[in-house]
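Number of protein chains: 4
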Amino acid sequence: MTERESRLSTFDPPMRGQYARSHEMNKLGVHALVWAGDLTPESTRKVISQTKAAGFDLVELSLHGPKVMDLSLTRDLLQEHGLEIGCSRGLTFDADVSSDDPAAVSRGLALLEEGVSITAELGGNYFGGILYGAMAKYSAPITPQGRRHAVDSLKRIADFALKKGVTLGLEVVNRYESNLLNTASQALDMLDEVDAPNVVVHLDTYHMNIEESDFMQPVLACGKRLGYVHIGESNRGYLGSGTIDFAQFFHALAMIDYKGVVTFESFSSTVVNEQLSNALAIWRNLWEDSMDLATHARAFMAGGINAAAKAKAHH
Amino acid sequence: MTERESRLSTFDPPMRGQYARSHEMNKLGVHALVWAGDLTPESTRKVISQTKAAGFDLVELSLHGPKVMDLSLTRDLLQEHGLEIGCSRGLTFDADVSSDDPAAVSRGLALLEEGVSITAELGGNYFGGILYGAMAKYSAPITPQGRRHAVDSLKRIADFALKKGVTLGLEVVNRYESNLLNTASQALDMLDEVDAPNVVVHLDTYHMNIEESDFMQPVLACGKRLGYVHIGESNRGYLGSGTIDFAQFFHALAMIDYKGVVTFESFSSTVVNEQLSNALAIWRNLWEDSMDLATHARAFMAGGINAAAKAKAHH
Amino acid sequence: MTERESRLSTFDPPMRGQYARSHEMNKLGVHALVWAGDLTPESTRKVISQTKAAGFDLVELSLHGPKVMDLSLTRDLLQEHGLEIGCSRGLTFDADVSSDDPAAVSRGLALLEEGVSITAELGGNYFGGILYGAMAKYSAPITPQGRRHAVDSLKRIADFALKKGVTLGLEVVNRYESNLLNTASQALDMLDEVDAPNVVVHLDTYHMNIEESDFMQPVLACGKRLGYVHIGESNRGYLGSGTIDFAQFFHALAMIDYKGVVTFESFSSTVVNEQLSNALAIWRNLWEDSMDLATHARAFMAGGINAAAKAKAHH
Amino acid sequence: MTERESRLSTFDPPMRGQYARSHEMNKLGVHALVWAGDLTPESTRKVISQTKAAGFDLVELSLHGPKVMDLSLTRDLLQEHGLEIGCSRGLTFDADVSSDDPAAVSRGLALLEEGVSITAELGGNYFGGILYGAMAKYSAPITPQGRRHAVDSLKRIADFALKKGVTLGLEVVNRYESNLLNTASQALDMLDEVDAPNVVVHLDTYHMNIEESDFMQPVLACGKRLGYVHIGESNRGYLGSGTIDFAQFFHALAMIDYKGVVTFESFSSTVVNEQLSNALAIWRNLWEDSMDLATHARAFMAGGINAAAKAKAHH
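Chains as they are written, first to last, in the UniProt record's numbering: chain D, 1 to 315; chain X, 1 to 315; chain L, 1 to 315; chain B, 1 to 315.
If you're looking for bench data, these hints aren't it; they were derived computationally from the structure. Since this is a predicted model, take the numbers as computed values, not measurements. Glycine included, C-beta positions come from ideal geometry on N, C-alpha and C. Check each hint, because a few of them may be wrong.
Across the chosen pairs, the derived CB separations fall in these ranges [what the hints assert, rightly or not]:
#1 X:LYS224 x D:HIS81: 50 to 56 Å
#2 B:GLY223 x L:ASP159: 57 to 63 Å
#3 L:ASP94 x B:GLU42: 40 to 46 Å
#4 X:ASP159 x B:LYS27: 24 to 30 Å
#5 X:SER139 x B:THR270: 55 to 61 Å
#6 L:GLU114 x X:LYS224: 56 to 62 Å
#7 D:LEU71 x B:GLY223: 53 to 59 Å
#8 L:LYS163 x D:LEU220: 36 to 42 Å
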């Protein structure tokens, strides 16, 4: 198996039969912003060692401000700790592949190419997020031309990513973070149009809670095209401190026999990445102790997945 | 009873014993944007006649763009149809009482005074919404000075409103629509500081679903300081088409013996107020038939309130 | 279309294409015990006229104590009021087709034949309930022989019912009312074994709340084999006064495009059928006013079905 | 502190200030039937060592068939493993303090005295369950005389228990397991009548799911009179495999600052106590691996309690 094949093996169900290991648990990840607001070498060491210490299999690095990241150091640390990597980002109004302005689209494409390249250089095979537009509160609906730009850009980037063994995940987010993909249904339509083997849907319970009819239908609609999952509480704090019916969501994952990564995401004023935190409207403190938060989340997710498997086996 | 006293009688629990009518149902309202995107005379006629036809007791008018409203026509139509009125609005960055910039604060105060005056001229006694800041996605947390400006402004406006027999409702909204009041707890703190007899908390299930731990605690925390309620689904569409546990919320209202107004709010691309719809990030069509939506909502709310009363009586 | 064909047309999806009318609402029913504890002529008149007055399309008559029922009067009243009819019952330990004792099985078969005949004589085409055993708290698990008796009995009764144009519904109930069919999955297994075209699954939200993993999976598992639905609250009182996530259930019905009957069931000490009420452990008063309960339930069910349809159309 | 005082210190909030340790976690327990169906010496060794190995603080022993229990062995094993003990049982029709028959009441009193004595001999201070009647499906409502017998019996037993330093917990169970106490409200009324300092309410989420309006109101109604908690899923299997909104329940415990024991209860055909399993209608297999079930449950409960504490601190 080549390095590229090896990378694809985690994330691309339509391309390979790697999910035959149906008795195995999903890999569990955590977003780096649980640990640190930047990716300086010092922060990167903390992020990776804490992720490992909390028992996770994967760390998700946000590429908002990747200039400071030391790629080879990061790659070495990941290997040293035996962790997998996922990368994510959203675009900006200035570099937005869903813009009507071709110059903004070009700058967006450049950011996406950079993201794919960084992912591959880090030894990862998954690059996801709001790859189809700005992660921002738009002030008007998407235009038909803007949507076309997004589809065309994703086709190009999917091709580029395929050569690097990277799968792209289109994260479905709420109305305040995108005017393009707010529901799984919209993402599936876009997947049909982009028509690339290495593009998957990325669902996030925090966003589903705002946009979807429930936590089961979107998962069933995606089926094998669901490639990545974010677990976030309704208030983005401790799992179990908000309103989300997580049992329903984990039952749905079991129904489609989802074997991909499940990554915890949480944001508090305690750990700030100025660009990302303000874009995400993180105004309150919902936790202080990253390790307590993360170990709690890991147990919560593993437990939810386990219970859903038992419910499926003993109904 | 003077006109002012009469107006206050609906909304100001701390000032009067008007809620002794414990056997009576809450008054049910509907937001005008269910019917029309503006308030031209033609639209106003439609809004008021449809509100009545759908069986509601009250219509909530949004004062975003009040210049076109014909106040005396509106007041006459309300009387003719036997409807009560609530007014609402949010401020803008340019006219924001929570700004660090005194000029923006002044412009915000002017908008609030205007809102109170319009409310009184329409024969109403309730003016609510994001009266404490811009209804917008902020790009940074509130500053201590900005918060002070908001408190001072609300004190002044509360005094002004008291003379006109108007109660002010501080609507608690999600992080993308305010950086100041995202939870009932924050609103109660602000009420303590403003310390005026005619300022109440206004809760909205749509926003609670994103920010609060559940649908009961915030209601219990408010108790008699809860003065107005918005019922909105998680996706702002049909009640019952999303993720909100409305039974829990209606049980909570019964627990505090809430006797105030309960108003339905829903937004779709079908009916657009350009300023408001874009501010609220309404990108999708969730319904087309306003009357079906509204009669469904009225039955849903009346049923939920009835069931909670029965649950309380027969436990 | 013969009378028999006409009767089958409502309940037997596998046999006919009668559910192509996808734009139409489900028929809504109510259980007679909402109105009266027996079926004397006077009670029957009340049951049927109140069912009609509350806006329902169908009344479900419990055949516990059918000796007192005047079949021709009942049939005439149904026609006069334009109502459809569903019949239901559970067996007893003494007449139990799942017993190890052949004599008890024979007595159970006789009760089932009687039920089918009454249903047909009333002009109905649906006979459901705990047709496979006693509606009672068993004191030991089902035996393999008992289960075989139940399957064989259902085969025979299904054949008998087919000739009379009657569909049989196996109601899935909680552990305290059967030791045989507590989950949809168990019912589907039994359907496979009985292998008759006129046997369907009958789900009831009250029982699902105790036995199933959630309110969606059992519905999806049944698909076109779901033939009848009971809507009951967790405490068997007012819909919305308990813990059931009805939105999830109605979403599931929309997902399988369910077009069958949806019947409301509720029990209180206010209206007592001594045999049935004690069998169902109705010790508390959860309501007094049958008409308020029933009109509330009808609006709740119609609203839930409507909201789910809208959620499906606008996702 | 005498031994008796020491025993009381865990369970009797009204008598002492022992719950001032508000920063401490609740003690977590597990029901012995997760591990073994009887209490032979061999089984007792297994129950106690597995309880400890799974990380619990307390084991709850069911006294259905206490004749085989070796009390001094059990007490020694508990001390050796550093575990606390809770005892529980329900009565039978033959020995039922809520019976109209004085002889049955006497036999019921004898069973209760025996239970208190065993609890004290084991070094425990909590004896709970259906102490007020038979754990069985009644065939008629409670009579006024039966209820009086129950109250009088509880007064007597409370006095007896007080002398032994034992607190009595009245477990609120569903309609199929009692015709007397199905809701917290009914239990609180009985507490008022019994009027003893060492009688508390014992809530169980499995039963609440069937009888109560939601998972918060009963807890708030009990407040400081809540003395013991059972966590059970709606299907009595894995936590998270059913329909219960546990987040709501844990939030409620945090609201009343509950510091008592929280014990996990689950039943499957895998581990059978013939008398208890049939009384509880355990017909299905919901799990096979006791240790996986128990460690999962412990993490689930600790996580839910932690998340609720965080939600309370950061709202």
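Looking only at beta-carbon atoms, does the pair L:ASP94, B:GLU42 fall within the given range of 40 to 46 Å? With a Cβ separation near 42 Å, L:ASP94 and B:GLU42 satisfy 40 to 46 Å, so the hint holds.
Using the beta carbons of B:GLY223 and L:ASP159, state whether their distance is inside 57 to 63 Å or not. 60 Å, holds
Given the hint of 24 to 30 Å, check if X:ASP159 and B:LYS27 actually sit that far apart at their C-beta atoms. 53 Å, violated
How does the Cβ-Cβ distance of L:LYS163 and D:LEU220 compare with 36 to 42 Å: does it lie in that range? Given a distance of about 40 Å, which is inside 36 to 42 Å, the answer is holds.
Could one say that the CB atoms of X:LYS224 and D:HIS81 fall in the range 50 to 56 Å? With Cβ atoms ~55 Å apart, the hint holds.
Between D:LEU71 and B:GLY223, does the C-beta distance stay in 53 to 59 Å? 57 Å, holds
That 55 to 61 Å hint for X:SER139 and B:THR270 (C-beta), does it hold up? 57 Å Cβ-Cβ, so the 55 to 61 Å window holds.
Hint says 56 to 62 Å; check whether the CB-CB distance for L:GLU114 and X:LYS224 agrees. 60 Å, holds
In this structure, only the earlier hint numbered 4 is contradicted, and the remaining ones agree with it.
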